[in-house]
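Colleague: Based on the provided sequences and hints, a complete structural model is requested.
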Amino acid sequence: MIKFFNKILKQLLDENKTGRYLKFTIGEIILLIVGVLLALQVNNWNNNRE
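Here this note's numbering is used: the first residue of the sequence shown is 7, the next is one more, and so on.
Do not take every clue at face value.
Have a look at the derived ranges for each label pair, beta carbon to beta carbon [said to hold, decoys possible]:
| no. | residue 1 | residue 2 | range |
| --- | --- | --- | --- |
| 1 | Asp-20 | Leu-46 | 35 to 43 angstroms |
| 2 | Gly-25 | Gln-47 | 42 to 50 angstroms |
| 3 | Arg-26 | Asn-49 | 31 to 39 angstroms |
| 4 | Glu-56 | Lys-23 | 20 to 28 angstroms |
| 5 | Ile-8 | Ala-45 | 13 to 21 angstroms |
| 6 | Lys-9 | Val-42 | 34 to 42 angstroms |
It should be emphasised that the hints constitute simulated quantities derived from the structure, not laboratory data. Every residue gets a Cβ at the ideal spot worked out from N, C-alpha and C, and that includes glycine.
Modeller: The structure is reproduced here in structure tokens:
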């Protein structure tokens with residue numbers, strides 16, 4: 007999966023498509039934030055069950 011993203015990233019940089027690169031980077035950051043928030047929510051849910 008990481009190789010896939012790295013390939014896309016390299017392509018965007020090689021083609022000088024800075025706008026698309028920024029959108030891609032922002033998308034990755036949003037996915038990271040959603041993942042962290044989801045993990046925290048599951049942790050809180052498990053703590054409340056105990």
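Colleague: Are the hints correct? Go through all of them and say.
Modeller: Checked hints:
no.: 1; hint: Asp-20 / Leu-46: 35 to 43 angstroms; in the structure: holds (37 angstroms)
no.: 2; hint: Gly-25 / Gln-47: 42 to 50 angstroms; in the structure: violated (33 angstroms)
no.: 3; hint: Arg-26 / Asn-49: 31 to 39 angstroms; in the structure: holds (35 angstroms)
no.: 4; hint: Glu-56 / Lys-23: 20 to 28 angstroms; in the structure: violated (49 angstroms)
no.: 5; hint: Ile-8 / Ala-45: 13 to 21 angstroms; in the structure: holds (19 angstroms)
no.: 6; hint: Lys-9 / Val-42: 34 to 42 angstroms; in the structure: violated (23 angstroms)
The structure fails hints 2, 4, 6 (numbered hints given earlier, in ascending order).
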